[in-house]
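Enquirer: Each chain, written out:
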Amino acid sequence: MLIGHQPKDFLLAVEGLTVSFDGFKAVNDLSFYVEENEIRVIIGPNGAGKTTVLDLICGKTKATSGAIHFRDKDLTKMKENQIVQAGVGRKFQTPSIYDDLTVFENLEISFPRGRSVFGALTFKRDAIVRDRVEEVAEMIFLKDRLNMSAELLSHGQKQWLEIGMLLIQDPDLLMLDEPVAGMSVSERIKTAELLNTIIKNRSVLVIEHDMKFVEDIAHKVTVLHQGQILSEGSMEKVKNDPKVIEVYLGH
Amino acid sequence: MSDNARLVNRPELLGILALAVLLVVILPLSLDVFRLNLVAKYLTYAFVAVGLVICWGYGGILSLGQGVFFGLGGYCMAMFLKLEASSPENTKIQSTPGIPDFMDWNQITSLPFFWKPFHSLTFTVIAIIAVPAFFAFVIGAAMFKRRVGGTYFAIITQAVAAILTILIVGQQGYTGGINGMTDLRTLNGWDIRPDHAKIVLYFFEVACLFGCIFIAQFIRRSKLGRILVAMRDKEDRVRFSGYSVANFKIFAFCVAAIFAAIGGAMFALQVGFMSPSFVGIVPSIEMVIYTAVGGRLSILGAVYGTLLVNFAKTSFSESFPELWLFGLGGLFIAVVLAFPNGLAGIWSDYVQPQVDKLLRKKSPKNGWTDASVADGAPAE
Ligand SMILES: Nc1ncnc2c1ncn2[C@@H]1O[C@H](COP(=O)(O)OP(=O)(O)OP(=O)(O)O)[C@@H](O)[C@H]1O
Ligand SMILES: [Mg+2]
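In the order they appear, the protein sequences are chains A and B.
Just so you know, the first sequence maps onto residues 1 to 251 in this note's numbering.
Just so you know, the second sequence maps onto residues 1001 to 1380 in this note's numbering.
One chain only, chain B, in its complex shape:
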């Protein structure tokens, strides 16, 4: 019980340290800039996966539309970068200089009103958080107050992902359409394309990821985290203990949305473009698979799951591109059937006891069964 007062207990702290060593020391030292940038790209999805641990793993709310929030965050960031790249000098060959190139191609002659605030970086940073939070709040309030949950909710989130994709593709003049927003160059005058910028951005991203991990950990350790677990199990009992179940679900969904959006913004910075192919149904489902593979009750597991599946995807789809989706589907089914707690479950069931034996430490007993599953995180 004394564990409750602390944010992390010892095995959790070790897990976080191991991840920090991997991301801050081992990977940057052992990978070239190209590969490190690849890791950075994978890590942008880890934000989504960590959010899904809170929303889906703990709250039991399966969202198959996290790509929406990833996309909203990414597009907010990309709009700022695109505006900066479209200065009148850079675009003087256009018929209307000073507006993004795709607008010019679509015969738009002045910057649309909703683009204008994205000249400001402060506004953009706020928008990256606020826009997806607002959307998640509206969707969450509309669904959860009406007691729509489970499969129906998952289907609705899919529909939202599909609609947003269609909207972005259809409104070419405002969004860049199917090609997205490309040719992003500078952030407040600082060129984001050279190698050293990529490295700086990588470390910035890792810092943000740990920020999200700590927030998630704080939520998990708070009474709110236990209420989420309780709700997942006996929603009515929670309701008849005086809680507004809908408000807690909305909160979990908004947190997941904000994390996803931060990931999306990082993506725009790291990869230098944003397109609707990261918004739709397929990427949204892939993000859920990363979480499932890592272990949906483990915050750190979700990060490892994301990295591993993406490494597999990259190496696999280079050689057998058409087989990858089948492989991914098979992986998901295998995990759900055989290892419902994913890599983190395998770690805490099989590896951790061995490690403990080796170190001749007595296994840290935790009163909370879920926590002991969540503790485990596969080290490298």
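If we strip away everything but chain A, and leave its shape as in the complex, we get:
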């Protein structure tokens, strides 16, 4: 398949990735490649290993074997915060925000400056930070909620806030785990709109179950099943793949 390509062409190259939890291989000899500015969607039944793949890329889980190259860096050898600083941002499946802080403070913490202990002590909330936070808050529909405690946001707003926290990091690879799960129809439409603006000039890896949503945004789809690739290609191709219909789309 794509193995013959030179890794240089890709932003992200996952090769032979395997992780086993007490003998259970949640991800099994997985290889895939993501290009610059590509929007890749990973779909698959529950427990297929989708979240685990993101965990492996962002360093939350250590791979048993295999390699993950991001540009010229080997992510399997890096710490989580170094991976973030290299340009990989990740949204968790359940909204993960700081309930005790305001929306403004949530976004400010994600602003990529003053990440060392000393840097955080001497961090100044200057005009650059303020403007950027307001700009992002506008994009995520929370401009008038900046001083509100994040705890009081609705579920959908929390999802947006976390997306905003990633956005302010300006990552080259943005990984989103089920960004529209649990959202109302109107929130979904707004989120699709939001994603369409934020995916410009970066690569995005999205996990999603909502097929309508997937069709709207995906350049290419990877179908995962039992930790392995079942099918890969355009939405059209994947949708008509009999194997995919059997294990995933059929029901």
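Calculated from the structure, these hints are not laboratory results.
Hints should not be assumed to be uniformly reliable.
As the list claims (entries may be wrong) - Listed next, the in silico DSS-like pairs over lysine-lysine satisfying Cα-Cα at most 30 Å (straight line): (1) B:K1145 with A:K73; (2) B:K1234 with A:K77; (3) A:K243 with A:K212; (4) B:K1234 with B:K1198; (5) B:K1116 with A:K73.
Computed from a prediction, not measured in an experiment: that's the story for all the values here.
Given the coordinates of chain A, assemble chain B with the ligands onto it according to the supplied hints.
Expert: Okay, now just chain B with the ligands, sitting in the frame of chain A:
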């Protein structure tokens, strides 16, 4: 948001002023020297409590071993004072004059190498800060880099407290053993025992305490303070926002250790001795209770909590010594269950609104919910 630029906002400033008036004017004017010295002794624990607000209240790192750092600071100070008290003239009846008495009793005939630098006050002052900071750094790095946290960390700190106590008691010849270092007399030739010296030391201690309060306040108001709050809540989110969570935890733990050590050094000066009974598990837990009672999110609350619990302890244990520990345990449980934000929480929930109403001021609204809890400090 404009609040961020300033170190303290108005209610916080009022709280600090109220505490200053209490400690600098009211208590010295209304108490005799004996009682003032008692307050001074209590205040040495307030340093520990303020450190715990940063480490535990904000950072979520519960240390049940702060007595270790209190002890390290206290012993550093006591070693200097002991050496000064053990001049050859003062100790000429010993078989080896010029060394501390307990060494002589333990057949030690020359000053151990690690005691020698404590002839210098400059070295001692540096050691009071550096030794506990180094220990906290080593413990913190070993634990937090390995992602040991929560209950496990608390248990480890307890173990460290137990080990250090055993070490001090066991190494009698070097440490004075179970009796500790007693009979401390002068600081660079200045007698620390008479009443006027106690009063001078009291004011010096209050000044140091306010220094620590301002440092804690600075940390709380900085982005680092907000990162600590964020970490307490969603450690992974902080990590995946590009921060090294372990480094921030180590920092908070070291700050708490340094504050505790300053308190310990003050203790040696104020009380005139240092012993392993301030190092172990029980005192370490008591220090956490002071913070919990005062309110673990309130820097000033921690000071009031320390004073109140200690006053209660003194009056209570005079009449019912065997009941005190039960009383303390009960107090802790009651606070944790009913008032998780301690006295400061009660103040900001019940008293502050009344005060505001009385003064017909509109309640100062703060964007940060935590800050509004932390603002409150029970005035006298
Ligand atoms: N840390 C872990 N230890 C043990 N097993 C794990 C661990 N993480 C994931 N698994 C298992 O690996 C499998 C894949 O899980 P994963 O969360 O990646 O699935 P998913 O594709 O994201 O599913 P969903 O659509 O439900 O989110 C599951 O069977 C899960 O139980
Ligand atoms: Mg998942």
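Enquirer: Look at each hint and say if it fits the structure.
Expert: Right, here's what the structure says about each hint:
Pair hint K1145 of chain B plus K73 of chain A holds up; C-alpha atoms about 23 Å apart against a cutoff of 30 Å. Restraint check for K1234 of chain B and K77 of chain A: satisfied, since their Cα atoms lie roughly 24 Å apart, inside the 30 Å limit. The hinted pair formed by K243 of chain A and K212 of chain A meets the criterion: a straight-line CA distance of about 20 Å does not exceed 30 Å. Restraint check for K1234 of chain B and K1198 of chain B: the C-alpha separation of about 47 Å exceeds 30 Å, so the hint is violated.
Proposed proximity of K1116 of chain B and K73 of chain A is contradicted: the alpha carbons are some 51 Å apart, above 30 Å.
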